[in-house]
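So the protein sequences, as listed, match chains A and B. Position one of the first sequence corresponds to residue 1 (our numbering), numbered consecutively onward. Position one of the second sequence corresponds to residue 1 (our numbering), numbered consecutively onward.
Where hints are given, some of them may not hold.
[To be verified] Pulled from the structure, derived: some chain A residues nowhere near chain B, Cβ distances all over 12 Å:
| # | residue |
| --- | --- |
| 1 | Gly-3 |
| 2 | Ile-4 |
| 3 | Gln-6 |
| 4 | Lys-14 |
| 5 | Glu-15 |
| 6 | Glu-24 |
| 7 | Asn-26 |
| 8 | Ala-31 |
| 9 | Gly-42 |
| 10 | Ser-65 |
| 11 | Lys-70 |
| 12 | Ser-80 |
| 13 | Thr-103 |
| 14 | Gly-105 |
[Said to hold, decoys possible] Below, in silico cross-link-like pairs of lysine-lysine (DSSO-like), each with a Cα-Cα straight-line distance of 27 Å or less:
| # | chain 1 | residue 1 | chain 2 | residue 2 |
| --- | --- | --- | --- | --- |
| 15 | B | Lys-81 | B | Lys-103 |
| 16 | A | Lys-9 | B | Lys-81 |
| 17 | A | Lys-14 | A | Lys-57 |
| 18 | A | Lys-83 | B | Lys-81 |
| 19 | A | Lys-70 | A | Lys-57 |
| 20 | A | Lys-9 | B | Lys-103 |
| 21 | B | Lys-81 | A | Lys-57 |
| 22 | A | Lys-71 | A | Lys-9 |
| 23 | A | Lys-71 | A | Lys-14 |
Keep in mind that the hints were calculated from the coordinates and are not lab data. Glycine included, each C-beta is placed from N, C-alpha and C at the ideal position.
Spelled out, the chains give:
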Amino acid sequence: DGGITQSPKYLFRKEGQNVTLSCEQNLNHDAMYWYRQDPGQGLRLIYYSQIVNDFQKGDIAEGYSVSREKKESFPLTVTSAQKNPTAFYLCASSARAANYGYTFGSGTRLTVV
Amino acid sequence: GQSLEQPSEVTAVEGAIVQINCTYQTSGFYGLSWYQQHDGGAPTFLSYNGLDGLEETGRFSSFLSRSDSYGYLLLQELQMKDSASYFCAVSPLSGYSTLTFGKGTMLLVSP
């Protein structure tokens with residue numbers, strides 16, 4: 001079955017460490033996105049990519065980095081520069097137009113300890 | 001930029017009808033989408049309105065008025081499993097386009 005796989009589901013990080021969240025899709029979607037969700041908040045866009053080897057900053061890109069070396073993969077690195085990284089991270093993908101719906105992964109819950 | 005307003009919480013009983021409103025202010029607008037998210041889970045796409053009017057999908061309907069910058073999601077014959085958060089989202093452009101989401105409305109359905 002086609003879908004998006006995020007791993008790990010739960011991640012604990014010590015302060016000062018970088019950590020990478022995995023996102024893989026087999027839907028043949030061109031566009032991929034990373035959103036952050038905090039309790040009681042909507043989804044805020046971190047980075048997005050519309051094509052391999054190209055990506056754009058979203059509204060809250062500071063302290064994060066991404067790569068898009070393959071169409072299927074869009075990993076997110078949370079760096080030590082991110083001041084408040086504890087959150088629920090959601091990866092999504094879409095066909096040509098986001099209007100026709102994003103497909104989301106099941107998320108990674110990151111906790112800084 | 002874009003901003004969306006929706007109520008933070010709505011409560012209803014099984015079998016009832018509930019309407020979740022969404023008003024938006026955007027620099028560009030192409031359409032309004034709705035997503036459902038159960039606690040701790042992945043948001044799932046419910047509906048999209050690109051034109052004014054009502055779109056119906058089973059028990060769920062969504063409405064858009066571009067002139068009023070307003071839309072709503074209508075849930076009929078409520079079931080306990082409908083308890084979830086519901087997000088409206090705007091697409092500012094056609095084609096490849098990011099979505100801007102509202103903060104979500106938590107719907108609590110009681111017996």
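Outside-interface status for A:Gly-42 - nearest CB in chain B farther than 12 Å: violated (4 Å)
Within a Cα-Cα threshold of 27 Å, do B:Lys-81 and B:Lys-103 meet the stated pairing? Judged against 27 Å, a Cα distance of about 21 Å means the pair holds.
Satisfaction of hint between A:Lys-57 and B:Lys-81, Cα-Cα up to 27 Å: violated (36 Å)
Decide, holds or violated, for the assertion that all CB atoms of chain B are farther than 12 Å from the CB of A:Asn-26. Its Cβ never comes within 12 Å of chain B, the nearest being 16 Å, so this holds.
Consistency of the no-contact label for A:Lys-14, given chain B and a CB cut of 12 Å: Non-interface label on A:Lys-14 holds, nearest chain B Cβ at 24 Å vs cutoff 12 Å.
Beyond 12 Å on every Cβ pair: is that true for A:Ser-65 relative to chain B? Non-interface label on A:Ser-65 holds, nearest chain B Cβ at 18 Å vs cutoff 12 Å.
Does A:Ala-31 clear chain B by more than 12 Å, comparing its Cβ with all Cβ atoms of that chain? violated (5 Å)
Does A:Gln-6 clear chain B by more than 12 Å, comparing its Cβ with all Cβ atoms of that chain? violated (9 Å)
Distance rule for A:Glu-24, whose beta carbon must clear each one in chain B by more than 12 Å: A:Glu-24 clear of chain B: closest Cβ-Cβ about 14 Å, beyond 12 Å.
Would you mind confirming whether the straight-line C-alpha gap from A:Lys-71 to A:Lys-14 stays at or under 27 Å? Status violated; Cα separation ~31 Å.
Confirm or reject the statement that A:Gly-105 sits farther than 12 Å, beta carbon to beta carbon, from all of chain B. violated (6 Å)
Classify the label on A:Gly-3 as holds or violated, using whether its beta-carbon is more than 12 Å from each beta-carbon of chain B. Contrary to the label, A:Gly-3 does not stay out of reach of chain B, its closest Cβ about 10 Å off (not over 12 Å).
Violation of the numbered hints given earlier is confined to hints 1, 2, 3, 8, 9, 13, 14, 18, 21, 23; the remaining hints are satisfied by the structure.
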